[in-house]
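Undergrad: Sequence order for the protein chains is H and S.
Whatever position you read off the first sequence (first residue = 1), add 4 for the working numbering.
Whatever position you read off the second sequence (first residue = 1), add 1223 for the working numbering.
Please keep in mind that the hints were generated in silico from the structure rather than gathered at the bench.
Positions of the beta carbon are idealized from the N, C-alpha and C atoms, including for glycine.
The reader is advised that the hints may include incorrect statements.
Claimed, not checked - Dumping the calculated PhoX-like pairs for lysine-lysine here, alpha-carbon to alpha-carbon at most 20 Å:
no., chain 1, residue 1, chain 2, residue 2
1, S, 1477, H, 25
2, H, 328, S, 1477
3, S, 1623, H, 79
4, S, 1616, S, 1643
5, S, 1623, H, 328
Unchecked claim - Take a look, some chain S residues computed to stay more than 12 Å from chain H by CB distance:
no., residue
6, 1227
7, 1249
8, 1291
9, 1318
10, 1337
11, 1342
12, 1349
13, 1560
14, 1576
15, 1579
16, 1620
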Amino acid sequence: MATEAKAHELIVSVSPHVRGKETVGRIMWTVNLSLLPAFVMAVYYFGPRAAYVTGLCILTAVLSEHIYQISLNRKTTIGDGSAFLTGLLLGLNLPASVPFYIPVIGSFIAIVITKLLFGGLGYNIFNPALIGRAFLLISFPKLMTIWTEPTARFVALDAKTTATPLGILKEGGLSQLMQVFGDKTELYMSLLSGNRAGSLGETSAIALLIGAAILLYRGYITWHIPLSFLATVGVIAWIFGGQGGLFTGDPVIHLISGGLLLGAFFMATDYVTCPTIRKGQVIFGIGCGAITMLIRLKGGFPEGVMFAILLMNCFAPLIDRGVKSEIFGAIKEQKK
Amino acid sequence: MSRAATFERGIHPEYHKELAAGQSIVRARLPQRVVIPVSQHIGAPATPSVNIGDEVKKGQVIGSTTAFVSSPVHSSISGKVIAIADFPSATGRMVQSIVIESDGRDEAVPFKEHPDYPNLPADEIKAMIKDAGIVGMGGAAFPTSVKLSPPKEKTIDTVIINGAECEPYLTADHRLMVERPEEVVEGLKIIMKSLGVRQGYIGIEENKPDAIEAMRSVVSGESNIEVRPLEIKYPQGAEKMLIKAINGREVPSKGLPMDVGVVVQNVGTALAVYEAVRYGKPLIERVVTVTGRGIRKPANMMVRIGTLMSEVVEQCGGLAEDAVKVIAGGPMMGFAQWTLDVPVVKGTSGILVLTKDEYVSSDEYSACIRCGSCIDVCPMGLNPSMLSILSEKGFFEETKEYNIFDCFECGSCAYVCPAKRPMVQLMRLAKSQIKP
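Chain H with its partners taken away, still in its complex shape (with noise of 0.2 Å):
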């Protein structure tokens, strides 16, 4: 009677019995690969240069995680690719011209400080990489903003250093940009391809929307935070960015420049340090669209999108607990 259990040892442990086949790691991952048409724009506009500084961002990140963890006696968890997402991340938010120690400071500061030191993965306040980048605009301002020309066809980067498509809208305005460009549709096709100066990830409007759209469909962003955000800046940049009055402004200008897209899809949507309830995401998206306009139109940086995320990210916490979720049978009036 007992003897089948002899033969077999089973395993008793709490229920459920059965899981979902997600991981933390098929998530990183994931989201690792959605950037992949981003890099390669960023190598074919910015030439192999894109990839040394990308790479030693995300080297330095692997590596600093690594040894930290391993000198406390830690188990590493550089297997679940959130140091290679912050140190992919940080790398297609720097231009690329940058010396070697511009990526290796970004990165430790990322890792270390901004994660680690918080309690790693899930604890951290501040999204990484945006810490490592402002840390580096504000030690290094001048080497953070030379912007080069996009014309490296994957071979080799042109030393002319250029304005960035926001940078010329706030020196000149649209006028001065369209001198540049040329015509609206010249202007647009160049914003929305990636040909015109920036940071390594920020310029290929397309490949960015390629990666949002695999993260999409596999849920692992919603719609809630991207829409908020870009949503918001689009109508402050419709009412308030025009040369010529009120409601004269070209949303689309603003949204398809600058590092937004990179922004709105891939760092204010960082689980840890955004809300967890999605009424909550909604005002965090519009929190961070007003931030980055009043920047952009107000403030002394031509680029909002880094400041305002990690503004918001302060703000996250409180969100969560000032929108709570809908509670089955709640006594409140039940809607119809």
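Fit chain S to the supplied structure of chain H, relying on the hints for placement.
TA: Structure of chain S alone, referenced to chain H:
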């Protein structure tokens, strides 16, 4: 017909129903001995009313009770009482049990039949249900006569038969609906009569089209009983989710179905009610789905209460080479067993045997990455992420602010969590440390 009804959120696990869904119910061999726990239900345990050495017959009361929220227990075979002692149960606890050695004759006490059962008054019906030892057979095992006697101020207007069977792998209710639909419907009518209710529903998930058809053809003549197809989703069979899907009413937080005028009963319970009222037969056997890739011959067995699982497993070909887990119940809320020498009781809906590939370890898990997947699926609309973090860090009192007592431990959050966190355990930990 109308689109399938459903509730908000929930998950879609892999179901593997095909392992046993096509297996007609087969009567298990008469067991050599049965181990009958005096408590197989929620409420006060029964007190043994026999002594060691007594000869008992099938259907004889061996444990009685005077408490309201309680149930008697009956012998499921004829034979001799050889022991009254604590015995391991499927929940892991030791329970006082009456062990009966079979005399092979399977003789029953006389059962009182009632061919005129539609005319019986409600009070008599409820007394018969209690005397027959009927408890909820979906797994919760709440004494049915108590459920059918709500306080006077709660007006009941609807009875729902739970044919959802949302747990993966299990098919016992499915087979009952396909093979004995008339008896299930008669049971429903008796239940409706005992509550004075005029509207009855039978909720069945769409992965059981044959059951839907069988039940529909039986109720086609009844104007006040309707079969409602349900979207295939877990946990559709949870009472609150079922009610929401069938008639849109939300049982209030910390409340019961009777608060919205509904009583829910499992398919097996309805059948047992019919057999008790019509034939005077007490609850002495039930259908158990024996399934999973770890069992050689999956089947739906009609098993005498008290039969040891090892005997049932043997009749289904025994455990496969790579079997690693035996679960009493379904994979989402069932109990893992360390031995097969535990009895099948009134609430045992399944014996699920998982193999190495089907089982996922929870040994290694990471911090909450705040992805929000759990919030997207929690049927009760809770914030499992926050609850798990609060519990993990010892902030037990704070979990009350997040409605932890609305959690019924369905396991949906744990199922989707990419960090493989022991979500249900963390919920249970917090609940154990605070008062409601």
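Undergrad: Evaluate each hint against the coordinates.
TA: Hint check results:
no. : hint              : result
1   : S/1477 <-> H/25   : violated, 32 Å
2   : H/328 <-> S/1477  : holds, 18 Å
3   : S/1623 <-> H/79   : violated, 34 Å
4   : S/1616 <-> S/1643 : holds, 17 Å
5   : S/1623 <-> H/328  : holds, 13 Å
6   : 1227              : holds, 20 Å
7   : 1249              : holds, 19 Å
8   : 1291              : holds, 26 Å
9   : 1318              : holds, 18 Å
10  : 1337              : holds, 39 Å
11  : 1342              : holds, 38 Å
12  : 1349              : holds, 28 Å
13  : 1560              : violated, 6 Å
14  : 1576              : violated, 9 Å
15  : 1579              : violated, 9 Å
16  : 1620              : holds, 16 Å
Violated hints, in rising order: 1, 3, 13, 14, 15; the structure is consistent with all others.
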